[in-house]
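Novice: Protein sequences, first through last, are from chains E and Y. Here this note's numbering is used: the first residue of the first sequence is 1, the next is one more, and so on. Here this note's numbering is used: the first residue of the second sequence is 1, the next is one more, and so on.
Among the clues, some could well be false.
Label-pair ranges, simulated between beta-carbon atoms [to be verified]:
1. ASN431/Y x GLY41/E: 48 to 54 Å
2. SER61/E x LYS486/Y: 39 to 45 Å
3. GLN385/Y x MET106/E: 37 to 43 Å
4. MET106/E x LYS460/Y: 25 to 31 Å
5. VAL31/E x LYS433/Y: 48 to 54 Å
6. ASN35/E x ASN431/Y: 40 to 46 Å
7. SER36/Y x LEU62/E: 33 to 39 Å
8. LYS460/Y x LYS8/E: 58 to 64 Å
9. LYS434/Y x ILE110/E: 34 to 40 Å
10. SER61/E x ASP388/Y: 47 to 53 Å
11. GLN385/Y x SER69/E: 28 to 34 Å
12. SER430/Y x MET106/E: 16 to 22 Å
13. ASN431/Y x PRO100/E: 55 to 61 Å
14. SER69/E x ASP269/Y: 55 to 61 Å
Derived by calculation from the structure, the hints in this document are not laboratory data. Everything numeric in this text was worked out from a predicted model, so none of it was measured. Just so you know, even glycine gets a beta-carbon here, dropped at the ideal spot from N, CA and C.
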Amino acid sequence: MLELLIGKWSDFINSFSPDEVEMEAAKKVQVLFENQYLIIGVVMFLLVAVTWLIYYLWLNSLPGLFYKSRYWFTAGACCTVLTGIATFFIVKLQININIPFDRYLMGIVIINCVYSIIAYFFISIFFNSFTNAKTTPFKLF
Amino acid sequence: MSTFLFCIGGTGLRVMKSLTMLLASGYKACNEKGESEDIIPVLIDPHKSLDEFTNCKRTLDKYCEIRSMITRGSILEDNFFHTRMVSLDNLGLNDDGNPNFDYDLRLDCSFGEFIKKSKLPTDSVSQDLINLLYSESNINRSLAVGFKGSPNVGCVVLNNFEDQNWFQDFTSKFGQGDKVFIVASVFGGTGASGFPLLVKKIRSCGNTYLQNTSIGAIAVMPYFELTPPKKEDPNNDINSSCFITKTKAALSYYDKELKVDGLYYIADDKQQKPYTNDEELQQNGTHFIEFMAATSVLHYIKNTPAEQNKKPADRKTEYYSICIDKNAEVLNWDNIGLAHQEIVYSLLNYYTFTIVNELVKKENDFPLRNTSGFNDTFYNSGFFQLLDEFNKDFYKWLKELNDNDRAFAPFRLNENKMLNDFPLQGHEFSNTKKCLWAKIPYGLSYYLHEMILLEKKYKKRNMDNVYEKYTEMMYEAIDNMNKFIK
Chain E
1 MLELLIGKWS DFINSFSPDE VEMEAAKKVQ VLFENQYLII GVVMFLLVAV TWLIYYLWLN
61 SLPGLFYKSR YWFTAGACCT VLTGIATFFI VKLQININIP FDRYLMGIVI INCVYSIIAY
121 FFISIFFNSF TNAKTTPFKL F
Chain Y
1 MSTFLFCIGG TGLRVMKSLT MLLASGYKAC NEKGESEDII PVLIDPHKSL DEFTNCKRTL
61 DKYCEIRSMI TRGSILEDNF FHTRMVSLDN LGLNDDGNPN FDYDLRLDCS FGEFIKKSKL
121 PTDSVSQDLI NLLYSESNIN RSLAVGFKGS PNVGCVVLNN FEDQNWFQDF TSKFGQGDKV
181 FIVASVFGGT GASGFPLLVK KIRSCGNTYL QNTSIGAIAV MPYFELTPPK KEDPNNDINS
241 SCFITKTKAA LSYYDKELKV DGLYYIADDK QQKPYTNDEE LQQNGTHFIE FMAATSVLHY
301 IKNTPAEQNK KPADRKTEYY SICIDKNAEV LNWDNIGLAH QEIVYSLLNY YTFTIVNELV
361 KKENDFPLRN TSGFNDTFYN SGFFQLLDEF NKDFYKWLKE LNDNDRAFAP FRLNENKMLN
421 DFPLQGHEFS NTKKCLWAKI PYGLSYYLHE MILLEKKYKK RNMDNVYEKY TEMMYEAIDN
481 MNKFIK
């Protein structure tokens, strides 16, 4: 996905001078990036689950017309933004190498945000019926 | 079990209207055993062109239509429009729709023509007697506009009750366990004359159950004043300075001649601004006394058994007077008295319903639109057209009570149909919730949220009738929320 969005890792690695140090650093970036996928995926799912819990189980148990679509979208938007921020900091902290990889960093942030939107949408569809929440968006049953 | 409710004259009609509004709020007419009692209103007023008559009839028609759509013949749980009101014609039928409360008592002739005065020899003793008892204006006045405060005319015209189809229908349909209540004013013409006549006709009719049944009545005594009649005004027959004299005369007659089981009295002397003296129009708004008089019907149904051990002549009359806690010019929840708070609470719930019902239609995201069928098709049905009309009448009725003198103003009336403040004047909603640190303000959301919570319970009941489901769910949700009065 990241390669589709930003470009192939090989192009990234080859973009550096054949100087052994820089190329090795670039290869390390790729490895470290790939090592983060699981962590940022788990963090994304956790954030989606927490948002779902907050929206469907807590907000919907209160008066205040929280069933309105705009609250569902707001909750989803908050989840996406938090996922993006979390992804950014996780990757930034874990990959402490002094070569420019900002395009890949932004790419992974955007991809994780998109995944969080998709996950939030599906989790809303499949799980809201098992709660007392009676919110309008994507209520299937 | 049914109570036949006779509303005689203008005041009777006004009391009937107030009773209809009260029953629409879900207040129940229960008998001494706690069972729901049907009410069969019988409107007696020859003044058919009077707005009051058409208003009352229209309100009753709407009530019956709405209720028949809610019940479809089944028995209602706690709900608005809980009590069955049925016209004499529809009594015994399954369908309460298309009721007929108009028994065509209209007489398009003068009193002189009615008694065939012109056929009497001019120098006869009968002519002299008639001239002694009735003024020229009594004799020449058209009966189509009522008796204009002349009970001496009314008692003659109304004396042929038993020949009327409605009275025969009433005596044939009256059964064991049924009872009678009469609403009439004693300071006018129609009510003051019709009330004792009706009691006599009932006690002497051929139906044994009816002869021996409990009869209750409310004698509405003067509660308003009229501007003094102008000399050049042709409608100058009614003079409110005679109200007390007429009342005294009527009451002393009733005391000697009338035997009923429960007699309620109500009056008021608090009015500062007299009504305009125009009998034909009588455009004075609903008065608190009419509303209080309506509560006597329910009190009687609850407290007096239909069947008595003794014969009517041997029974003692129980006398009641309707009182309020404080003699205030503006009556509200706090000064009306504990005994009436239950009734005010019922009205509070219905007033809240009228607002919530308007606002919920615009709530496009309200989940019950999808899950319970409360969608646009539902809100555009004929039921809601009727309900909206009724609710407009209800608001107008509350507004009139609010603006009259003495005022009955327990609610924050809001023409814009908003729910920003708790509708009970001087009180707040005590069950507000918090979302993190912020308070969720009182409003529509509390009622809709309660409906969402109640939906599961209603789904289990598999109710086919979506109107019944909607009104009952609203009733319960509003009741659950409004009880948090601070």
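Novice: Just pull the numbers of the violated hints for me, sorted ascending.
Specialist: 1, 2, 3, 4, 6, 10 and 12
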